[in-house]
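Engineer: Sequence:
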Amino acid sequence: MILKKLFDDEQKILMSIKDIVKKLQKIENQLPYNTFVSDGNNNRINTSFYFDKDSKSGYLEVIFGDLCIGPPGFAHGGAIASVFDEAMGVTAWLNAHKVMTAKLEINYLKPVPLNTKILGEFSIENIKGRTVKIGGRLVSEDEGTLFAAANGIFVVVNAKKFENKLNQDASFNKFKEFLENHK
95 MILKKLFDDE QKILMSIKDI VKKLQKIENQ LPYNTFVSDG NNNRINTSFY
145 FDKDSKSGYL EVIFGDLCIG PPGFAHGGAI ASVFDEAMGV TAWLNAHKVM
195 TAKLEINYLK PVPLNTKILG EFSIENIKGR TVKIGGRLVS EDEGTLFAAA
245 NGIFVVVNAK KFENKLNQDA SFNKFKEFLE NHK
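When we follow my numbering, the leftmost residue of the sequence shown carries the number 95, and every step to the right adds one.
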């Protein structure tokens, strides 16, 4: 599974994420609003999402600011979990799977330092019926350190159930337009 892949060659994985992110355009530059976890306040969580249409994988640069503190000098596990949840969900949505989180399992391997750029990679591992399994990892930019790895199970929702609410939400309508343009 994804954890075995992670431990096989961390430096190779790190370099590939850095190289891929350099080639891709930030998703936020095209979105009409801030993401759930990133509100533009650098003291909180500052994310930049990327999507590779060829590999259908999501990528992330994230900095956990001072207000994300858990243990002194390090990010709170809940802040890390919210980044995994959002990045995996965005990866699913950009692959045309309208999902909600059913289960998120995170292996916290090393403390994540505050105010340091962290890289992430997220990919769909399996689709079975209405469930989409997504794996992801967060690594350091400079040391090749694997901080955390996660697996999530997401359930495809019937968007028609939410249609009335969604049609009233201008931000979501702009997001739907964004998704249509990225097929």
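Just so you know, these hints were derived from the structure itself, not from any lab. Since we're looking at a predicted model, the values are computed, not measured. For each residue, glycine too, the CB sits at the ideal point set by N, CA and C. Careful: at least some of the hints might be erroneous.
[Unchecked claim] Keeping only pairs whose Cα atoms sit at most 30 Å apart, straight-line, the calculated DSS-like set for lysine-lysine is:
id	residue 1	residue 2
1	K112	K204
2	K254	K197
3	K211	K147
4	K227	K192
5	K150	K197
6	K116	K254
7	K150	K222
8	K147	K222
9	K192	K112
10	K204	K116
11	K150	K211
12	K192	K147
13	K150	K117
14	K192	K116
15	K204	K227
16	K254	K117
17	K222	K192
18	K211	K197
19	K197	K222
20	K211	K116
21	K227	K117
22	K116	K150
23	K150	K112
24	K222	K254
25	K147	K254
26	K150	K192
27	K204	K254
28	K211	K222
29	K147	K117
30	K116	K147
31	K112	K211
32	K211	K254
33	K254	K112
34	K227	K112
35	K117	K192
36	K192	K254
[To be verified] What follows is a set of in silico ranges between Cβ atoms, one per label pair, in the way DEER data are often shown:
id	residue 1	residue 2	range
37	V251	G167	21 to 29 Å
38	N220	G167	18 to 26 Å
39	A175	N136	36 to 44 Å
40	T210	K116	12 to 20 Å
Engineer: A separate judgement is required for each hint: does it hold in the structure or not?
Structural biologist: Quick rundown of the hints versus the structure:
With a C-alpha separation of about 20 Å, the suggested pair K112 and K204 falls inside the 30 Å cut-off, and the hint holds. Restraint check: the Cα-Cα separation between K254 and K197 comes to about 23 Å, which is no more than 30 Å; the hinted pair holds. At roughly 24 Å between alpha-carbon atoms, K211 and K147 fall within 30 Å of each other, so this suggested pair holds. As the CA atoms of K227 and K192 are separated by approximately 13 Å, the hinted pair is consistent with the 30 Å bound.
Between K150 and K197 the CA atoms are separated by roughly 21 Å; this keeps the pair inside 30 Å, and the hint holds. With a C-alpha separation of about 37 Å, the suggested pairing of K116 with K254 is violated against the 30 Å cut-off. A distance of roughly 17 Å separates the Cα atoms of K150 and K222; the hinted pair therefore holds under the 30 Å criterion. For the hint linking K147 to K222, the alpha-carbon distance of about 21 Å falls within 30 Å, and the restraint holds.
For a cut-off of 30 Å, the pair hint linking K192 to K112 stands: about 28 Å separates their Cα positions. At most 30 Å may separate the alpha-carbon atoms for a hinted pair to count; K204 and K116 meet this at roughly 26 Å. With a C-alpha separation of about 23 Å, the suggested pair K150 and K211 falls inside the 30 Å cut-off, and the hint holds. Note on K192 and K147: the hinted pairing holds, with a Cα-Cα distance of about 17 Å set against a maximum of 30 Å.
Only pairs whose Cα atoms come within 30 Å are accepted, and K150 paired with K117 is accepted, the gap being roughly 14 Å. For the hint pairing K192 with K116, the CA-to-CA distance comes to about 27 Å; that is within 30 Å, so the pair holds. With a CA separation close to 24 Å, the supplied pair K204 and K227 stays within the 30 Å bound. For the hint linking K254 to K117, the alpha-carbon distance of about 36 Å lies beyond 30 Å, and the restraint is violated.
At most 30 Å may separate the alpha-carbon atoms for a hinted pair to count; K222 and K192 meet this at roughly 14 Å. For the hint linking K211 to K197, the alpha-carbon distance of about 27 Å falls within 30 Å, and the restraint holds. Our distance criterion of 30 Å between C-alpha atoms is met by K197 and K222, whose separation comes to about 15 Å. Distance check on the hinted pair: K211 and K116 sit about 14 Å apart at the alpha-carbon level, within 30 Å; holds.
At roughly 26 Å between alpha-carbon atoms, K227 and K117 fall within 30 Å of each other, so this suggested pair holds. Between K116 and K150 the alpha-carbon distance is near 16 Å, which keeps this suggested pair within the 30 Å criterion. Proposed proximity of K150 and K112 is supported: the alpha carbons are some 16 Å apart, at most 30 Å. The straight-line distance between the Cα atoms of K222 and K254 is roughly 21 Å, inside the 30 Å bound, and the hint therefore holds.
A threshold of 30 Å between alpha carbons decides the hint, and for K147 with K254 the separation of about 26 Å falls inside it, so the pair holds. At roughly 15 Å between alpha-carbon atoms, K150 and K192 fall within 30 Å of each other, so this suggested pair holds. For the given pair, K204 sits about 41 Å from K254 by alpha-carbon distance, which is inconsistent with the 30 Å threshold. Under the criterion of a C-alpha separation no larger than 30 Å, the hint pairing K211 with K222 is inconsistent with the structure, at around 34 Å.
For the proposed pair K147 and K117, the alpha carbon gap of about 12 Å is at most 30 Å, so the pair holds. Using a Cα cut-off of 30 Å, the hinted pair K116 and K147 holds, with the two alpha carbons roughly 14 Å apart. For the given pair, K112 sits about 11 Å from K211 by alpha-carbon distance, which is consistent with the 30 Å threshold. For the suggested pair K211 and K254, the alpha carbons sit about 39 Å apart, so the restraint of at most 30 Å is broken.
A C-alpha spacing of about 38 Å is found between K254 and K112, which places the hinted pair above 30 Å, so the restraint is violated. Using a Cα cut-off of 30 Å, the hinted pair K227 and K112 holds, with the two alpha carbons roughly 24 Å apart. A distance of roughly 26 Å separates the Cα atoms of K117 and K192; the hinted pair therefore holds under the 30 Å criterion. For the suggested pair K192 and K254, the alpha carbons sit about 11 Å apart, so the restraint of at most 30 Å is met.
Our hint of 21 to 29 Å for V251 and G167 is violated, since their Cβ atoms are close to 39 Å apart. At roughly 37 Å, the beta-carbon separation of N220 and G167 lies outside the given 18 to 26 Å, and the hint is violated. Checked against the hint of 36 to 44 Å, the pair A175 and N136 fails, with Cβ atoms roughly 20 Å apart. Range check, T210 to K116: about 19 Å between beta-carbon atoms, so the 12 to 20 Å window is met.
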